[in-house]
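Residue numbers (the numbering used here), protein chains in the order written: chain A, 51 to 151; chain B, 1197 to 1690.
Please note that a few of the clues may not be correct.
To be verified - With a cut-off of at most 25 Å between alpha-carbon atoms, the simulated SDA-like pairs for lysine to any residue come out as follows:
id	chain 1	residue 1	chain 2	residue 2
1	B	Lys-1299	B	Ile-1313
2	B	Lys-1370	B	Ala-1331
3	B	Lys-1370	B	Glu-1312
4	B	Lys-1299	A	Leu-108
5	B	Lys-1299	A	Gln-110
6	A	Lys-123	B	Glu-1315
7	B	Lys-1604	B	Gly-1439
8	B	Lys-1353	A	Ile-86
9	B	Lys-1353	A	Pro-127
10	B	Lys-1297	B	Gly-1336
11	B	Lys-1370	B	His-1427
12	A	Lys-123	B	Arg-1310
13	B	Lys-1370	A	Ala-107
14	A	Lys-84	A	Gln-94
15	A	Lys-123	B	Ile-1313
16	B	Lys-1353	A	Leu-142
17	B	Lys-1217	B	Ile-1374
18	A	Lys-84	B	Gly-1317
19	A	Lys-84	B	Glu-1312
20	B	Lys-1353	A	Gln-113
21	B	Lys-1387	B	Asp-1399
22	B	Lys-1353	A	Ile-78
Claimed, not checked - Some residues of chain B that are not near chain A, with every Cβ distance over 10 Å (derived):
id	residue
23	Ala-1291
24	Arg-1307
25	Ile-1308
26	Gly-1317
27	Glu-1322
28	Gly-1323
29	Ala-1329
30	Glu-1381
31	Pro-1384
32	Lys-1421
33	Asp-1520
34	Arg-1524
35	Asp-1599
36	Ile-1653
Hints were generated in silico from the structure; no laboratory data involved. For each residue, glycine too, the CB sits at the ideal point set by N, CA and C.
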Amino acid sequence: MSAPAPPDSPERWQLRLYVAGQTPKCLIAFANLKRICEEYLTGQYDIELIDLLQTPALAQGDQIFAIPTLVRKLPEPVRKIIGDLSNTERVLVGLDIRRLP
Amino acid sequence: MPRARASKPASSGGSAVSGLKKVPTGITGLDEITLGGLPFGRTTLVAGGPGCGKTLLGMEFLVQGAQQFNEPGAFIAFEETAQELSENVHALGYALEPLVKSKKLVLDHVRIERSEIQETGDYDLEGLFVRLAHAIDSIGAKRLVLDTLEVLFAGLKDHGILRAELRRLFRWLKDRQITAIVTAESGPDGKLSRHGIEEYVSDCVIALDHRISQQISTRRLRIVKYRGSSHGANEYPFLIDDGGLVVFPITSLGLDYGAPSGHLASGVTGLDAALDGRGFFRGSSVLVTGTAGTGKTSVAAQFVNAACARGERCLYFAMEESPDQIVRNMRSIGLNLERWRKRGLLQVHSARPTLHGLESHLATVYRAVSLFDPHIVVMDPLTGFSSVGSDREVTAVITRLLDFLKAKQITALFTTLVSTQSDPEHSEVGVSSWMDTWLLLRTLESEGLRRRALYVIKSRGMSHSDRIHELQFSSRGLRILPGSATRALPPVRA
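Could you put the whole structure together from the sequences, leaning on the hints where they help?
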């Protein structure tokens, strides 16, 4: 598997990144997510950034307890990745974008 | 125990430098053994095995806080949803919905499912903090329960981060002056908690235990540590029933109770004359022993009847008969006990000793006494306890019961059954030495009749009769015949 494989379904990817303020961890996570999406999901993704310091009530809905948390809302099933997304391979596995050999 | 509560001010809030501030839990008994409650603004660990009542203790802490002390509380559940939690505690007499509606209680379920979580890189638990803060701020919570944090250990791989965050969490709660309970599953080999949460909770640790002995369960609670405060050190039995959770610090009583000097008529015509002419001491303990059919219950009922007629409240624990059965049977000696029940002067509790463990039985007695606040307690018969515990345990429990009743200056009358084979002066449960007055009932056979005889074996603090009295039963009640029943006394052993 040398070339990045596109997702099986052509539907759009809805991703939500939960952060709590502009902490270094959160900034790194956002940058990592942006980069990975550009590389593997070009033109097929939406990122919604939710700052829990602004809207704490939203943490309940997606069962957020760790920060940062990335939630794949679509395609289903919902998946979650916690951490600053610094390990690209792990993020791809977590999002089920590409299986590792 | 409203009286005990009233004497203790709600200690949260305000400013006190002197000593440790405490927050009353409102849990009957627990505030007594902690000498006032949990440490204010600190986190208390409640550890125990599965099903031992951790969640309930936490919930009771919040419900009582909301209802009694006007302190709102937040319950963060890691294992159960808010709905499940409400349903589970509903069976135990807590209605959470009204408290939630009136903003006295907030329930939040934090679901952590390892299978749907991938970890990559650095993270913290700020999301949990945000939720806690949100829950706390939404109702101005002063109390918080986290049940149970250990789910985090199962859900997250990086325990290094987790431990650092737990430390931060307990500091954070302290800064916010939240009095919190965290629960933990006890670990193997007697470890308090599986993941060592006790390392982070240094102020107060409570261990719960649920044991089965001879197929009868007993729950116990122990204060493992309480920094900056003395506390009861024993294991205390506790009870979970439809009235919630009650801890019984009965062992904490000593022999320092007062001794009231008034007298109570026994209700048996002629018996008071044999007891220094005045009857039993108020607040004393009376043991009535006898073989089957000698009239132990009748003597007890006569005493109860006399007390109710004086307007005193009586609590009657029947181990072998139902309340209706006792009321019916006592009509045969002319006692109308039903009217006292109707007037609220007499409560009859019927329960087989085997229904609960010994400790739990004591607990139910304690609870009934605390609620009814009687002048007189009757237990008929004590002998039934022998079937649920060893002699030593039974004696220990009865001693504690006696201490408890004496401290409340309640007059207690116990009956015990002795078998015809044994020496009648040897009481079955071996508690006669704890009793102030001991009456022995026997049957004497003479001239083709069985007569009932009553001896006053002892009666502390008074000069009592040494005669063998004849006890006569009739539809007008029990009566001691004048003179002695000395004719044809049979040998003690057949």
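Hint-by-hint comparison with the structure:
Between Lys-1299 of chain B and Ile-1313 of chain B the alpha-carbon distance is near 33 Å, which puts this suggested pair outside the 25 Å criterion. Restraint check: the Cα-Cα separation between Lys-1370 of chain B and Ala-1331 of chain B comes to about 16 Å, which is no more than 25 Å; the hinted pair holds. Only pairs whose Cα atoms come within 25 Å are accepted, and Lys-1370 of chain B paired with Glu-1312 of chain B is rejected, the gap being roughly 32 Å. Taking the CA atoms of Lys-1299 of chain B and Leu-108 of chain A, the gap is about 19 Å. The hint holds against a cut of 25 Å.
A hinted pair counts as satisfied when its Cα atoms are at most 25 Å apart, and Lys-1299 of chain B with Gln-110 of chain A qualifies at roughly 18 Å. Between the alpha carbons of Lys-123 of chain A and Glu-1315 of chain B the distance comes to roughly 17 Å, so the proposed pair stays at or under 25 Å and holds. For a cut-off of 25 Å, the pair hint linking Lys-1604 of chain B to Gly-1439 of chain B stands: about 22 Å separates their Cα positions. Between Lys-1353 of chain B and Ile-86 of chain A, the direct Cα distance comes to roughly 24 Å. Compliance with the 25 Å bound is thereby established for this hinted pair.
This hinted pair checks out: Lys-1353 of chain B and Pro-127 of chain A have alpha carbons roughly 22 Å apart, not beyond 25 Å. Restraint check for Lys-1297 of chain B and Gly-1336 of chain B: satisfied, since their Cα atoms lie roughly 14 Å apart, inside the 25 Å limit. Taking the CA atoms of Lys-1370 of chain B and His-1427 of chain B, the gap is about 22 Å. The hint holds against a cut of 25 Å. Taking the CA atoms of Lys-123 of chain A and Arg-1310 of chain B, the gap is about 17 Å. The hint holds against a cut of 25 Å.
Straight-line distance between C-alpha atoms of Lys-1370 of chain B and Ala-107 of chain A comes to about 23 Å, which keeps the hinted pair within the 25 Å bound. Between Lys-84 of chain A and Gln-94 of chain A, the direct Cα distance comes to roughly 12 Å. Compliance with the 25 Å bound is thereby established for this hinted pair. At roughly 13 Å between alpha-carbon atoms, Lys-123 of chain A and Ile-1313 of chain B fall within 25 Å of each other, so this suggested pair holds. Using a Cα cut-off of 25 Å, the hinted pair Lys-1353 of chain B and Leu-142 of chain A holds, with the two alpha carbons roughly 19 Å apart.
Taking the CA atoms of Lys-1217 of chain B and Ile-1374 of chain B, the gap is about 12 Å. The hint holds against a cut of 25 Å. At most 25 Å may separate the alpha-carbon atoms for a hinted pair to count; Lys-84 of chain A and Gly-1317 of chain B meet this at roughly 16 Å. Distance restraint check for Lys-84 of chain A and Glu-1312 of chain B: the Cα-Cα separation of roughly 22 Å lies within the 25 Å cut-off, and the hinted pair is therefore satisfied. Note on Lys-1353 of chain B and Gln-113 of chain A: the hinted pairing holds, with a Cα-Cα distance of about 18 Å set against a maximum of 25 Å.
At most 25 Å may separate the alpha-carbon atoms for a hinted pair to count; Lys-1387 of chain B and Asp-1399 of chain B meet this at roughly 18 Å. A threshold of 25 Å between alpha carbons decides the hint, and for Lys-1353 of chain B with Ile-78 of chain A the separation of about 21 Å falls inside it, so the pair holds. Look at Ala-1291 of chain B: its CB is around 23 Å from the nearest CB on chain A, clear of 10 Å, so calling it non-interface holds up. With 10 Å as the threshold on Cβ separation, the claim that Arg-1307 of chain B sits away from chain A is violated: the shortest Cβ distance comes to roughly 5 Å.
Not every CB of chain A lies more than 10 Å from the CB of Ile-1308 of chain B, the least distance being 6 Å, so the non-interface label is violated. At the 10 Å boundary, the C-beta of Gly-1317 of chain B falls inside the reach of chain A, the nearest C-beta of that chain being 4 Å off. The beta carbon of Glu-1322 of chain B sits about 4 Å from the closest Cβ of chain A, which is not more than 10 Å, so the claim that it is off the interface is violated. With a least beta-carbon separation of about 4 Å from chain A, Gly-1323 of chain B fails to lie farther than 10 Å from that chain, contradicting its non-interface assignment.
A beta-carbon of chain A comes within 10 Å of the beta-carbon of Ala-1329 of chain B; the shortest separation is about 7 Å. The beta carbon of Glu-1381 of chain B sits about 19 Å from the closest Cβ of chain A, which is more than 10 Å, so the claim that it is off the interface holds. Under the 10 Å C-beta cut-off, the non-interface status given to Pro-1384 of chain B relative to chain A holds; the minimum distance is some 27 Å. Every CB of chain A is more than 10 Å from the CB of Lys-1421 of chain B (nearest about 29 Å), matching its label as outside the interface.
With a least CB separation of 53 Å from chain A, Asp-1520 of chain B remains clear of the 10 Å interface cut-off, as annotated. No Cβ of chain A approaches the Cβ of Arg-1524 of chain B within 10 Å, the least distance being about 59 Å, so the stated non-interface status holds. At the 10 Å boundary, the C-beta of Asp-1599 of chain B stays outside the reach of chain A, the nearest C-beta of that chain being 49 Å off. Here Ile-1653 of chain B stays apart from chain A, with its beta-carbon at least about 69 Å from theirs, past the 10 Å limit.
The structure fails hints 1, 3, 24, 25, 26, 27, 28, 29 (numbered hints given earlier, in ascending order).
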